[in-house]
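Those letters in the sequence shown? Residues 496 to 1241, per our numbering, in order.
These are computed hints drawn from the structure, not numbers from a lab.
Be careful, since some hints might not be right.
Computed list of lysine-lysine pairs in BS3-like fashion (alpha-carbon distance at most 25 Å, straight line) [as the list claims (entries may be wrong)]: (1) 628 to 561; (2) 625 to 561; (3) 721 to 820; (4) 1154 to 601; (5) 1018 to 561; (6) 601 to 561; (7) 838 to 820; (8) 793 to 838; (9) 870 to 833; (10) 721 to 636; (11) 625 to 721; (12) 636 to 625; (13) 601 to 628; (14) 721 to 975; (15) 1018 to 975; (16) 833 to 721; (17) 637 to 625; (18) 793 to 820; (19) 870 to 793.
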Amino acid sequence: MEDQIEEMELKAVNMRRTFTLRNNVARQVAVNFMPSRQIPYGTLRLRRTASESNVLLEAAGDEVDKQAEIIVREMEQQQKLMEDNPLSEELRREALRDLPQGLTMKRNVRAKLSASVSLRSKHRPISMRKRLKYRISFAWKKGRDRISELVFSLELWYEAIRHVEGHFGSAVGSYFQFLRWLFALDLVLCTLLLCLVVAPQIVHDGRTRNPNETTSLSVLDFVSGKGGLENSLLFYGYYHSGDIAASGLTYNMPFAYFFTMLCLYFLFFAVLCYRTAYSYRRNFIEISGGLSNVYATKVFCGWDFGIVSQTAAALNASSIYNEFKELLGEQNKKRVTKSFLTKLWQCSANVAVTALVLGFILGLEYGLWLLLGLKTEMQYWEVYVSLTVTLIVAVCPLIFNLVVRLEYYKPRTAFYVTLARTGLLDVGTLTLILLYWARSGEDCWETSMGQEAYRLVILDASISLFLLPLVEFARGLVYKLNPNTSPPEFSIAYNSLTLIYNQAVLWYGMLFSPLLAVAVTLKFLLLFYVKRECALRACQPARKVWRAAQTQTVLYMLVTLSLFINLFVVGSQFMSASSRCGPFVDYDTVYSVVGEGVLQLSRRPGLQATLAFATRPGVIAFLLLALCVCVHYTRARARAQRAMVGVLRRMLVLQARDKDFLLAAIDKVSNGEWLYSPKGEQSGDSHTWRYLQEVRKPSNAGYHLEPRRLHPFQQPQRHRPSGDGDTDSSFSWQGSGEELQPSRWS
496 MEDQIEEMEL KAVNMRRTFT LRNNVARQVA VNFMPSRQIP YGTLRLRRTA SESNVLLEAA
556 GDEVDKQAEI IVREMEQQQK LMEDNPLSEE LRREALRDLP QGLTMKRNVR AKLSASVSLR
616 SKHRPISMRK RLKYRISFAW KKGRDRISEL VFSLELWYEA IRHVEGHFGS AVGSYFQFLR
676 WLFALDLVLC TLLLCLVVAP QIVHDGRTRN PNETTSLSVL DFVSGKGGLE NSLLFYGYYH
736 SGDIAASGLT YNMPFAYFFT MLCLYFLFFA VLCYRTAYSY RRNFIEISGG LSNVYATKVF
796 CGWDFGIVSQ TAAALNASSI YNEFKELLGE QNKKRVTKSF LTKLWQCSAN VAVTALVLGF
856 ILGLEYGLWL LLGLKTEMQY WEVYVSLTVT LIVAVCPLIF NLVVRLEYYK PRTAFYVTLA
916 RTGLLDVGTL TLILLYWARS GEDCWETSMG QEAYRLVILD ASISLFLLPL VEFARGLVYK
976 LNPNTSPPEF SIAYNSLTLI YNQAVLWYGM LFSPLLAVAV TLKFLLLFYV KRECALRACQ
1036 PARKVWRAAQ TQTVLYMLVT LSLFINLFVV GSQFMSASSR CGPFVDYDTV YSVVGEGVLQ
1096 LSRRPGLQAT LAFATRPGVI AFLLLALCVC VHYTRARARA QRAMVGVLRR MLVLQARDKD
1156 FLLAAIDKVS NGEWLYSPKG EQSGDSHTWR YLQEVRKPSN AGYHLEPRRL HPFQQPQRHR
1216 PSGDGDTDSS FSWQGSGEEL QPSRWS
């Protein structure tokens, strides 16, 4: 009796052991048939983690320690996680929190990690200096997060822009966001100019000016910048050329004027370059591989949960609806196959129209040069010249918008072409005006250039703030009275070009009229409210809705390009010229402020020789060559990273297919379908099947099934003969009771 009981216990143990081995082999079989394991090549990640994955798959359900050791071994490769400091401890907590495992596994991993960290650090306590350093860094991080939250909560015109986006979509909203960003930029600019340049001059005027002196100012003087405004804080020629003494302190006005302008130009050029690069990377590079799950992201992640009112919720829903229209409009474009002759005709038409537009721009610039050089006795002749320039800048974008319809461009490409042509006209006109006044031979041509920029801003403000809104409201009223007429649409291209033109005028005139930044800032402030009311009350949403995520990048590029051209022109015309008025009247050239005033090169021949050597063409050519090498290296590195991104994308796709595969296998097992035969799902001629038959040898290839010992409650399974007996495709476990035995290799 005892022998029978012992034999039954041994049979039960053998049955459990056989069942465990059979499950392990079945699990390995399923893993070997995952889509990622059937590709004819292996990635770096698959090769690196193949052995550890096999260990995980062969582990039993209760062998948590082995899995925890593998996870700890992976985490030990991250040096920042294994340091004995509060920051690393916080990183370890975040890593454990993000670990897709159960609570028991996380506790086991945390215990092993703590032991490993203690062993590495050898129980060295943290010094007082490090502890103070960590506390300061944590306090700084918390303070920075709170400040960023406060700034985000106080975001300027947030509700107004969201209101516009709810009615017109993200394209019109991008215009108002661009206007807000330029307003903030100019607000910082005018604040620095007022503090560092204008305020010291006001202090000097309070000490030297006669209090009984009065100036008369008429309306035409206010528009032209002449009369009482010519000799005022508004223009370059009024500023003092020596030291300003106040309360025992001296303030060198030439140094302040030169270095303030120089630092502001380069500072804002760096800001614009960073902003343009950030926007380009976000809107062009990051989406170059194609957006995935855009619609799901818009549906589940596009809602603003900070909305509390019903009206705001309706606006947000309308904004999301417009974004879907933009996305679907791009997706549903009809792609028509064009013949070679059709493509040749379209390309020829585009080139011919572009040549005509460039000739038209050159003709306008030549006529403007002749108009500037025309001498007449008419009073306030400069006002008529500035008015002509303003009308050209206001009318030409409309002409370009009509001309681009004759070309064969896509809607977004036509928009970019119109922006580029109008930007070329604006920058070319301002450069021509600056060159004319620099070569005019007047005693104080800098003040004349400042007056020209001031007139352009004032006249353009009268058109943008008064004339165009009246026209739009009139068209809106006519449309309400007669719906058969075409409603006024909010033109993103035209309004954006107005902003770019005003900002370009500021770049060109800021050096010659410091208070011009205040005028442009006030104009942008008024323009926001005027354009918002025009859009909401007079204009209608555009009939063609298109996504404008990349529009702001192009606008930033145009603003940056205008500043770059301005720096080149001003550096070549103003810095090397002798000034007969203003703060640099005591110096031979403007850049002598640095050479003679700051560095005093006449007293330091060694420094003068060094600077002369550094500015030689050979040294500059070497620096340019080094810059080209750096650009080539960066470009090659970007290509390598792009290739790696492609590999990672494919790996993500394979992981998704693996999950679908395993879920399907689990579903079959749960339904009682124990037989898994991937050979029936794949044809014998497929690449994957040939690869499995001829190349891949799974981990159970060293075993074969022997039907010698069968359990009394199981029936032998008939196997279909196969050409290769040790492949995974010939394995089946439906009711199988065979034992796995090591095969005898001959």
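For the pair we were handed, residue 625 and residue 561, check the Cα-Cα distance against 25 Å. The given pair, whose Cα atoms are some 36 Å apart, is violated under the 25 Å limit.
Can the restraint linking residue 721 and residue 975 be considered satisfied, given a maximum Cα separation of 25 Å? Not OK: residue 721 and residue 975 at ~45 Å, beyond 25 Å, violated.
Holds or violated: residue 870 and residue 793, Cα atoms, limit 25 Å. 62 Å, violated
Under the criterion that the straight-line Cα-Cα distance not exceed 25 Å, is the pair residue 1154, residue 601 satisfied? With a Cα-Cα distance of about 23 Å, the restraint between residue 1154 and residue 601 holds, given a limit of 25 Å.
Taking 25 Å as the top limit, are the C-alpha atoms of residue 721 and residue 636 close enough? 53 Å, violated
Does residue 820 sit within 25 Å of residue 838, going by the straight-line distance between their CA atoms? 29 Å, violated
CA of residue 601 to CA of residue 561, is that 25 Å or under? Measuring from Cα to Cα gives roughly 13 Å; hence the hint holds.
Compare the distance between the alpha carbons of residue 793 and residue 838 with 25 Å, and conclude whether the hinted pair is satisfied. 37 Å, violated
Taking only the CA atoms, is the gap from residue 1018 to residue 975 under or equal to 25 Å? 30 Å, violated
Given the hinted pair residue 793 and residue 820, is their alpha-carbon gap at most 25 Å? It holds: about 12 Å lies between the C-alpha atoms, which stays within 25 Å.
Below or equal to 25 Å on CA atoms is what counts here, so check residue 721 against residue 820. 53 Å, violated
Hey, residue 833 versus residue 721, does the alpha-carbon distance stay inside 25 Å? 60 Å, violated
In this structure, the earlier hints numbered 1, 2, 3, 5, 7, 8, 9, 10, 11, 13, 14, 15, 16 and 19 are contradicted, and the remaining ones agree with it.
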